[in-house]
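Colleague: With chain A's structure known, arrange chain B on it following the hints.
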Amino acid sequence: MIKRLKSLQPSGRAIVIAIPFTWMILFFLIPFALVFKISFAELQLAIPPFTDLTRYVDEALFIKLNLGNYLFLLQDPLYTSAYLSSVKFALVSTFLCLLIGYPMAYAIAKSNPNIRNILLMLIVLPSWTEFLIRIYAWIGILKNNGLLNNFLIWLGLIKEPLMILNTNTAVYIGIVYGYLPFMILPLYTNLVKHDDTLLEAAYDLGCPPWKSFLTITLPLSFAGVIAGCMLVFIPAVGEFVIPDLLGGSDTLMIGKVLWQEFFNNRDWPVASAVAIIMLLILALPLAVFHHYQAEETL
Amino acid sequence: MNKSLSRRLIFFLSFGYAFLYIPIFILVIYSFNESRLVTVWGGFSTKWYGELLKDQGILDAAWMSVRIAFFTAWAATFLGTVAGFVMARFGRFRFHSGFASTITAPLVMPEVITGLSLLLLFVSMERVLGWPEGRGMLTIWLSHVTFATAFVAVIVSSRLREMDISIEEAAMDLGAPPLKVFFVITIPIIIPALISGWLLSFTLSMDDLVITSFVAGPSSTTLPMKVFSSVRMGVSPKINAVATFIVMFATVIVVGSSIFAIRQDKKKYREMQAAIQENLGQ
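Line by line, the protein sequences give chains A and B.
Here my numbering is used: the first residue of the first sequence is 1, the next is one more, and so on.
Here my numbering is used: the first residue of the second sequence is 1001, the next is one more, and so on.
For reference, chain A alone in the conformation it holds in the complex:
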């Protein structure tokens, strides 16, 4: 088939490739170039609210690059700590997702094939329910007079309600809750392909289950672990909805900072510079994701 496709007239093949590629270049790659460009512009009170980088003066082209936005971001400790705390939020949440998700994916992969589809469907279902709605659900649970506090007081475990909503704890709960299905699905896809005879052989030779898990299952599932972790970590770094709805005034996340620069301060050039630095931080995880994705698909 591949050979036949290659023997096709190059034009036919090229057109098929070009249809989706053109769309993605136009609506995904070029926009990034524009963000890069506008991150060097200056704010001005006009529509659109930024200056042109190029200017014709006396029939000569002048390009003016303004590094001010980047200097501003690097000098203001608010931004550096927002980047750092976003990475911390994402790292800890990814680890927690792995801790909860791995045993679940393993159990589903090892379960009876008849109920496996139902178990898997129950993992997929929440991810098809609106993200915003699922995060909203936690507000009613975590509030000071919310269900969790009422339940704990009713049990007699606490006397005063715990302050959970509008704290970093709530943000962790939200990220783990929101992204857990994206951890489980690639792990399951990987684990379900494992050959049980390897484990049987190890078992027959007297290897204890925990050791065969550590020396056989875990290394074999490495690609799934990486894929799952990247699917959680990368979007979590730029998360906006969760810190906005569940976080407090001291919750610093860069996705929220970008949103505020854009919508509240209407400072498009600074918002662009925030996005470019975020992309630089995510460049390595993105490269890892694309490397492993060739082997591991959703």
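Everything labelled a hint here was simulated from the structure, so no lab data went into it.
Bear in mind that the values here come from a model prediction, so they are computed numbers and not experimental data.
One should not assume that every hint holds.
[What the hints assert, rightly or not] Heads up, simulated BS3-like pairs for lysine-lysine below, C-alpha to C-alpha not over 27 angstroms straight-line:
no. : chain 1 : residue 1 : chain 2 : residue 2
1   : A       : 193       : B       : 1266
2   : B       : 1268      : B       : 1180
3   : A       : 211       : A       : 193
4   : B       : 1180      : A       : 193
5   : A       : 64        : A       : 37
6   : A       : 193       : B       : 1267
Modeller: Positioned in the frame of chain A, the structure of chain B alone reads:
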């Protein structure tokens, strides 16, 4: 190896499913709460559904979302299927890895970045080309198609990789032109993937808040934008009623397409068994 799960794993699974589902159940239950307070039970009532049906703002936003999602689903399924086919069947071409990375990058890209970059594109295009004029349904649709295409491409290409390539090869060897093979052989086999790709695109488009907020115009408020602005004002049972509709919608789609997929698998299995029987009989 014992086939039954160990107790510890069953415990873990139950814990995990409880974590995933309890918030959703609470959300649905409290949509039937008489009281305005979301956390205090004041008796069973459907009054919030009545209030919801009277709220013209929410209904208009929902209608806007449904229209955008419908058109997004068709375009993303088309583009995503072509892209998935290229990824799974075209082997190595010059920009092969660049192609795959570009198509699938929207899967993980933080939405604030995608949203900002698309907005800057539309603003620049309007200045240079005069199109698209202003921002609204068209710009939202273009943005939704872009990220939904990535999901469809992944679904379609993984389905194509599982599929037995020899059937397509046989048709080619018998002289069928590639385009005919694609429509007569490939498409019918991967139709379940196309259906789930369509449904997923529709849902993704219905659900998107962040990217939509960047590229929407003043007159184009979608349902998630409406929900978000009222959630920011505080919790309200009316939002729980909206949430219940969304949960029901997702449940019907996911359960329906799972049943469809299981039936397809069983049908395929029976046909294979029948074919083997037939061959053995000869």
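Colleague: Now look at each hint and say whether the structure bears it out.
Modeller: How the hints compare with the structure:
As the CA atoms of residue 193 of chain A and residue 1266 of chain B are separated by approximately 20 angstroms, the hinted pair is consistent with the 27 angstroms bound. Of the pairs offered as hints, the one joining residue 1268 of chain B and residue 1180 of chain B holds, with about 23 angstroms between alpha carbons and a cut-off of 27 angstroms not exceeded. In summary, the hint linking residue 211 of chain A to residue 193 of chain A is supported, as the alpha carbons are separated by about 20 angstroms, within the 27 angstroms threshold. At roughly 33 angstroms between alpha-carbon atoms, residue 1180 of chain B and residue 193 of chain A are farther apart than 27 angstroms, so this suggested pair is violated.
Proximity of residue 64 of chain A to residue 37 of chain A is assessed by CA-CA distance (about 11 angstroms); at most 27 angstroms being required, the pair is judged to hold. With a C-alpha separation of about 23 angstroms, the suggested pairing of residue 193 of chain A with residue 1267 of chain B holds against the 27 angstroms cut-off.
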